[in-house]
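Q: Given next are the chains, with one letter for each unit.
Number of protein chains: 4
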Amino acid sequence: MLVTTWKTRIRYAETDQMGYCYYGNYPVFFEMGRVEALRSIGIRYRDLEEQGVMLPVAHLEISYKKPVRYDEEITIETTIPEYPSGTRLPFDYKIFNESGELTTTGRAVLVFALTESGRPCAAPAGVLEALKPHFM
Amino acid sequence: MLVTTWKTRIRYAETDQMGYCYYGNYPVFFEMGRVEALRSIGIRYRDLEEQGVMLPVAHLEISYKKPVRYDEEITIETTIPEYPSGTRLPFDYKIFNESGELTTTGRAVLVFALTESGRPCAAPAGVLEALKPHFM
Amino acid sequence: MLVTTWKTRIRYAETDQMGYCYYGNYPVFFEMGRVEALRSIGIRYRDLEEQGVMLPVAHLEISYKKPVRYDEEITIETTIPEYPSGTRLPFDYKIFNESGELTTTGRAVLVFALTESGRPCAAPAGVLEALKPHFM
Amino acid sequence: MLVTTWKTRIRYAETDQMGYCYYGNYPVFFEMGRVEALRSIGIRYRDLEEQGVMLPVAHLEISYKKPVRYDEEITIETTIPEYPSGTRLPFDYKIFNESGELTTTGRAVLVFALTESGRPCAAPAGVLEALKPHFM
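Residue numbers (my numbering), protein chains in the order written: chain A, 230 to 365; chain B, 230 to 365; chain C, 230 to 365; chain D, 230 to 365.
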């Protein structure tokens with residue numbers, strides 16, 4: 230299991246007229262979480278793309294438990310719960326507010342795919358190697 | 230059951246460097262779908278807010294089956310599958326591309342809440358009345 | 230001179246906690262305006278890109294005179310003020326609210342550039358031909 | 230003169246299909262720059278709003294010199310060039326890429342306004358006091 234955290238501050242652009250962070254921004258927070266999770270084990274997503282592999286999202290789920298507000302610094306906890314066996318890579322998310330309260334949970338399932346054809350493919354060897362130490 | 234459709238065209242702003250519509254834009258499409266679904270039965274979301282009731286999203290689920298691309302006109306099909314019995318109002322979504330292919334499915338569960346306190350509340354009488362003819 | 234109009238409705242996603250349409254959304258409205266201006270004379274921006282020419286923005290200017298709010302339908306008036314003589318294509322914008330009041334003015338100067346190198350280039354012949362009748 | 234810097238990394242959500250950071254994201258970067266500039270002298274924008282003063286943008290100007298790309302860490306240099314004398318507060322911006330090259334310049338002019346009426350007002354005493362040491 231790989232667990233990493235990343236912090237970001239809610240931008241004014243991300244609020245809505247309810248005074249909350251708009252619900253459609255959470256996929257962006259999740260994206261930041263997984264990019265930094267991969268970076269923590271030495272994988273830059275942009276390198277993957279340059280090698281001809283992309284990682285589109287196949288499935289997304291979000292539970293909104295508490296709103297977060299403008300200027301709050303949130304902590305995005307990203308977990309890779311299992312070693313990827315096929316073409317899929319799931320990420321689990323928890324978002325905490327400044328008081329440490331759990332505000333949001335979610336899951337995004339990504340698919341390894343060839344940039345040229347868009348077809349699903351196996352996880353690149355480099356990704357598997359980087360992940361292995363965390364699943365033993 | 231209430232089923233409505235709404236069309237929108239993918240903006241350049243909504244693409245990403247994969248050349249796809251970024252996965253984080255779909256919650257915005259869903260929002261457009263439900264606002265127009267409510268408008269079709271005479272309810273303006275902004276009037277609800279002025280009456281002190283808001284509708285934050287409690288749960289969101291999206292399955293991405295096919296990418297959509299820049300400048301494609303998508304059709305957002307929004308369904309209210311059941312008459313609201315408590316504080317929740319679910320919406321089901323299907324998004325079709327210009328060729329009529331199903332690209333995305335999803336569900337958003339909204340909660341009626343008092344603007345002042347943020348507390349869940351029953352659906353306003355006006356909403357129930359407007360929905361009733363579609364569930365008989 | 231080519232003048233076209235396009236309508237769009239302010240999305241909840243586009244509001245901020247002041248209750249206004251966030252100032253950073255106007256470049257997106259301008260983009261919609263110019264894409265539809267070009268479409269009105271038979272040019273699809275996506276075809277340009279497929280032919281190896283892109284149109285990045287070099288300069289942007291916006292004056293915010295009046296806020297627009299959630300669910301308002303705005304009218305984006307887009308003007309190509311002059312026939313392009315070099316590598317640049319300017320667009321002037323006026324945004325009106327539902328009452329016909331001028332809320333925003335702006336200008337975006339775009340540059341024809343080769344997709345491969347990113348280098349500025351002359352306007353494609355097809356674009357010039359489509360524009361010509363409007364500048365005589 | 231007050232000069233501060235802030236760093237942020239280009240998100241995938243912020244790219245477009247040209248592979249660049251979409252031009253409409255720069256107003257958001259500018260917003261981050263000025264919020265952190267104010268924070269550096271002890272002013273939280275959210276406190277201003279709670280005190281009944283907001284700061285909408287009246288004018289914006291951006292020159293795009295070089296594109297920035299996905300995953301690049303940009304440095305936003307924010308300058309308050311002059312001590313505010315009336316109701317306006319201008320901010321100048323320079324954005325640098327990871328190699329230290331100037332990619333973007335801009336200016337945003339904000340207006341102090343009363344939240345209740347939306348009317349322009351003088352800069353709050355607290356803001357003037359916090360700025361004063363930087364303009365002597």
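Just so you know, these hints were derived from the structure itself, not from any lab. Treat the hints with care, as some may be off.
The list treats identical chains as interchangeable, and a pair is accepted whether it falls inside one copy or across any two copies.
Below, computed lysine to any residue pairings styled on SDA-like, alpha-carbon distance capped at 25 Å [unchecked claim]:
#1 K294 x Q280
#2 K294 x P362
#3 K294 x N326
#4 K295 x K361
#5 K294 x L339
#6 K361 x T237
#7 K323 x F364
#8 K295 x I270
#9 K323 x A351
#10 K323 x E279
#11 K361 x A242
#12 K323 x I272
#13 K294 x Q246
Fair warning: this is a prediction, and the values are worked out from it, not measured in the lab.
Q: Determine for every hint whether it applies to the structure shown.
A: Against the structure, the hints come out as follows:
no. : hint        : verdict
1   : K294 x Q280 : between (39 Å within a copy, 24 Å between copies)
2   : K294 x P362 : neither (33 Å within a copy, 32 Å between copies)
3   : K294 x N326 : within (11 Å within a copy, 33 Å between copies)
4   : K295 x K361 : neither (35 Å within a copy, 31 Å between copies)
5   : K294 x L339 : both (24 Å within a copy, 12 Å between copies)
6   : K361 x T237 : neither (28 Å within a copy, 30 Å between copies)
7   : K323 x F364 : within (20 Å within a copy, 37 Å between copies)
8   : K295 x I270 : neither (31 Å within a copy, 30 Å between copies)
9   : K323 x A351 : neither (27 Å within a copy, 29 Å between copies)
10  : K323 x E279 : neither (30 Å within a copy, 29 Å between copies)
11  : K361 x A242 : neither (39 Å within a copy, 29 Å between copies)
12  : K323 x I272 : within (22 Å within a copy, 30 Å between copies)
13  : K294 x Q246 : both (19 Å within a copy, 20 Å between copies)
In summary, the numbered hints that this structure violates are 2, 4, 6, 8, 9, 10, 11.
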